[in-house]
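Take the sequences, apply the hints, and build the full model.
Those protein sequence lines, which keep their order, are chains A and B.
Note that numbering that gives the first Met the number 0 numbers the first sequence so that position 59 is 58, with each residue one more than the last.
Note that numbering that gives the first Met the number 0 numbers the second sequence so that position 84 is 83, with each residue one more than the last.
Take the hints with a grain of salt, since some may be wrong.
Taking lysine-lysine and the DSS-like style, the derived pairs with C-alpha atoms no more than 27 Å apart in a straight line are [claimed, not checked]: (1) A:Lys150 <-> B:Lys28; (2) A:Lys150 <-> B:Lys34; (3) B:Lys404 <-> B:Lys34; (4) B:Lys195 <-> B:Lys104; (5) B:Lys404 <-> B:Lys8; (6) B:Lys305 <-> A:Lys89; (7) B:Lys463 <-> A:Lys184; (8) B:Lys404 <-> A:Lys89.
Source of the hints: derived by calculation from the structure; they are not laboratory data.
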Amino acid sequence: MNQHTPRVGLFVTCLVDLMRPGIGFASVKLLEDAGCRVEVPEAQTCCGQPAWNSGDRADTAALARQTIEAFEGFDYVVGPSGSCISQLRKYPQLFADAPEWLARAEKLATRSHELTSFLVDVLGREDVQARFEQPVCYHDSCSGLRELGVKAQPRALLASVTGTALREMPESEVCCGFGGTFCVKYPEISTRMAGDKCASIRASGAPVVLGGDLGCLMNIAGRLRRLGEPVRVYHVAEVLADMADGPAIGEEER
Amino acid sequence: MQSQAHRFKPRAVEALHNETLQQALAKAKGGFIDKRAAAIQEIPDFESLRQRGETIKEHTLAHLDVYLEQFEAQLLRQGGQVHWAEDARDATRVIADICREADAKRILKAKTMAGEEVGLNEALEEAGFEIVETDLGEYIIQLAHEPPSHIIAPAVHKTREEITRLFDRVHHGLEEVRLREVPDLVDEARQVLREKFLSAEVGISGANLLVAETGSVTVVTNEGNADLSMTQPRVHIVIAGIEKLVPTLEDAGTLLRLLGRSATGQAMTAYTSLVTGDRREEDPDGPVEYHVVLLDNGRSRMLAGKYRDMLRCIRCGACMNHCPVYGSIGGHAYGWVYPGPMGAVLTPQFVGLDEAYDLPHACTLNGRCKSVCPVRIPLPDMLRSLRDDQFEARITPARTRWALKLWGWVARRPRLYHLGARLASRLLANLGRGSIQHLPGAGGWTRGRDFPLPQGETFQQAWKRQKEHRGER
Chain A
0 MNQHTPRVGL
10 FVTCLVDLMR
20 PGIGFASVKL
30 LEDAGCRVEV
40 PEAQTCCGQP
50 AWNSGDRADT
60 AALARQTIEA
70 FEGFDYVVGP
80 SGSCISQLRK
90 YPQLFADAPE
100 WLARAEKLAT
110 RSHELTSFLV
120 DVLGREDVQA
130 RFEQPVCYHD
140 SCSGLRELGV
150 KAQPRALLAS
160 VTGTALREMP
170 ESEVCCGFGG
180 TFCVKYPEIS
190 TRMAGDKCAS
200 IRASGAPVVL
210 GGDLGCLMNI
220 AGRLRRLGEP
230 VRVYHVAEVL
240 ADMADGPAIG
250 EEER
Chain B
0 MQSQAHRFKP
10 RAVEALHNET
20 LQQALAKAKG
30 GFIDKRAAAI
40 QEIPDFESLR
50 QRGETIKEHT
60 LAHLDVYLEQ
70 FEAQLLRQGG
80 QVHWAEDARD
90 ATRVIADICR
100 EADAKRILKA
110 KTMAGEEVGL
120 NEALEEAGFE
130 IVETDLGEYI
140 IQLAHEPPSH
150 IIAPAVHKTR
160 EEITRLFDRV
170 HHGLEEVRLR
180 EVPDLVDEAR
190 QVLREKFLSA
200 EVGISGANLL
210 VAETGSVTVV
220 TNEGNADLSM
230 TQPRVHIVIA
240 GIEKLVPTLE
250 DAGTLLRLLG
260 RSATGQAMTA
270 YTSLVTGDRR
280 EEDPDGPVEY
290 HVVLLDNGRS
300 RMLAGKYRDM
310 LRCIRCGACM
320 NHCPVYGSIG
330 GHAYGWVYPG
340 PMGAVLTPQF
350 VGLDEAYDLP
360 HACTLNGRCK
370 SVCPVRIPLP
380 DMLRSLRDDQ
390 FEARITPART
400 RWALKLWGWV
410 ARRPRLYHLG
420 ARLASRLLAN
430 LGRGSIQHLP
440 GAGGWTRGRD
450 FPLPQGETFQ
460 QAWKRQKEHR
470 GER
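And the structure:
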């Protein structure tokens with residue numbers, strides 16, 4: 000029987016594009032291994048979240064229209080970030096007065112998925128071929144967790160990785176203090192929250208922390224390094240794609 | 000109460016450096032969260048209870064005029080008197096007049112956030128009355144001359160050491176600290192307060208709910224202090240926001256179940272009193288005069304606007320208990336009566352978008368408040384919407400607005416954007432490998448965190464190269 004190959008547009012996210020391309024390649028590998036055809040539209044830039052969260056609706060709508068156009072025609076839009084994907088799902092809120100764009104925004108919203116949730120919930124994958132030789136703990140990033148229900152999916156996939164074990168940290172569901180522009184607008188509060196998160200990570204006893212959003216992970220990695228803690232930080236996709244052999248986030252070549 | 004919301008930033012930093020406050024917050028936080036989690040486990044379908052709570056409040060707000068009239072008519076029939084207060088000045092004037100007519104010297108007060116909102120203590124003290132707070136937490140902060148830092152646990156920011164020192168000084172005129180256990184401190188406050196309970200002419204309380212069908216007022220406490228202030232003095236005054244209404248006693252029951260579990264993790268608060276009018280002939284006690292002051296103070300304006308959902312709030316404090324920002328800085332940093340997420344929405348309604356600029360921004364939009372709110376108020380959405388309002392009203396600093404415009408302009412030109420990303424990525428990578436401690440222009444980030452550097456090539460760049468390579472194969 001000829002099975003349909005899903006055509007997936009990768010929403011790579013601006014942070015991954017700029018800061019850690021490896022997460023993008025890990026996403027591509029995971030999607031291709033799961034039988035998808037992956038394309039990366041060049042017309043994508045930013046999902047518009049900084050503008051949306053700062054009250055700039057006009058610029059958000061402009062970026063939303065650009066993203067909608069860039070990803071029209073794909074079966075699915077998948078991104079390695081719960082935060083950016085949940086922003087894509089909010090686009091319909093911007094076009095209450097523009098029925099044509101509203102319809103297009105709704106189409107995009109229903110086809111957009113966070114990476115681990117796409118693999119597990121849409122494609123029904125529960126295992127990946129990967130090996131990771133250290134125990135890990137997992138930080139549940141807020142947008143993915145509370146807006147998209149991403150909690151069990153990365154854990155299910157991690158359970159299939161040879162050599163590792165999940166050691167839950169206390170308060171894995173508490174915000175790390177990143178919050179987009181929050182972290183630079185209120186650096187002292189943000190640093191305190193990141194410090195609390197580091198304490199939770201330490202309490203898990205795991206030498207590695209994983210998560211699904213690069214923003215949070217940079218915040219956590221930055222605080223861990225400032226505190227001189229040896230815990231290593233990776234995006235969960237890097238571990239699942241067996242591509243976590245290079246330096247961790249913020250780490251020099253070893 | 001005078002707003003200090005414009006001083007959020009410095010006050011937050013101060014709070015972060017206040018060691019005793021940090022100890023107290025760390026101790027309080029876990030307790031509230033764990034107790035709530037355990038308490039909602041006991042109800043098989045807490046979600047549908049939340050749904051009912053939301054529906055009841057929504058329905059009441061949609062017909063608020065009808066229920067207010069019904070409440071007034073019922074209360075009059077029960078021998079009570081109703082006063083409508085448009086704003087804080089109205090409310091304090093009405094209450095001071097009643098106290099004067101009652102020839103009062105000493106006034107008992109059970110905790111009321113509406114009372115805090117209108118600055119009742121200051122107004123009555125200015126009018127020459129002695130005010131005695133009867134809620135233990137409220138009594139403690141009255142002695143310390145501080146506003147509450149939490150709506151259900153006003154003195155949650157104080158440690159046992161601080162309270163002992165306060166009691167020693169005020170009750171015994173002692174300066175050295177004789178650290179005592181909590182029950183001893185409670186006993187001591189009780190002794191002092193009992194004296195005052197017996198000698199006050201007027202009692203003032205807030206209301207957790209107003210019941211339209213019976214004209215009843217519901218007050219819950221864990222100390223029974225509201226009941227004493229309601230039954231002992233000759234005159235009782237209730238002050239409550241008009242949004243506290245529910246149609247029926249059954250509705251009140253639903254909301255009380257939500258309130259106790261969400262606030263303190265109790266199935267029901269220890270004392271739940273329903274007061275319906277003044278003393279009847281056959282009653283052994285109760286006030287001979289009974290007044291209810293219904294406070295608007297901007298609520299009817301909210302009812303007509305996009306922050307109407309906030310009027311569902313039953314003041315349980317679950318949002319602040321679960322807010323990691325509140326957990327880091329406590330309530331005083333928010334600068335007005337209502338702290339935490341609910342306060343960040345409410346305060347700008349009362350003191351202005353401009354005066355409270357920081358409050359809607361001092362939130363990571365992590366959504367935890369929304370997930371625990373017993374009446375499902377979309378708090379993060381409303382905080383974000385306040386940012387829209389500030390942007391539209393040009394209250395948002397010009398620098399931020401221009402930065403966003405510039406970013407938007409570049410991000411709408413993918414070729415230019417990708418070129419910029421390539422340059423930025425290379426530039427940053429040239430600063431070193433791994434992380435750096437100081438990134439020029441990013442002091443906000445690097446004050447407490449290292450900055451992880453990029454690898455030097457953007458994903459788009461590398462992907463393009465790889466695709467060409469794949470194509471060649």
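Do the hints match the structure? See the list:
Taken as a hint, the A:Lys150 and B:Lys28 pair is honoured in the structure, with Cα atoms around 23 Å apart against an allowance of 27 Å. Distance check on the hinted pair: A:Lys150 and B:Lys34 sit about 23 Å apart at the alpha-carbon level, within 27 Å; holds. Only pairs whose Cα atoms come within 27 Å are accepted, and B:Lys404 paired with B:Lys34 is rejected, the gap being roughly 46 Å. Simply put, B:Lys195 and B:Lys104 have alpha-carbon atoms about 11 Å apart, close enough for the 27 Å limit, and the pair holds.
The straight-line distance between the Cα atoms of B:Lys404 and B:Lys8 is roughly 25 Å, inside the 27 Å bound, and the hint therefore holds. For the suggested pair B:Lys305 and A:Lys89, the alpha carbons sit about 18 Å apart, so the restraint of at most 27 Å is met. For a cut-off of 27 Å, the pair hint linking B:Lys463 to A:Lys184 is broken: about 35 Å separates their Cα positions. At most 27 Å may separate the alpha-carbon atoms for a hinted pair to count; B:Lys404 and A:Lys89 meet this at roughly 20 Å.
Taken one by one, the earlier hints fail for this structure at numbers 3 and 7, listed in ascending order.
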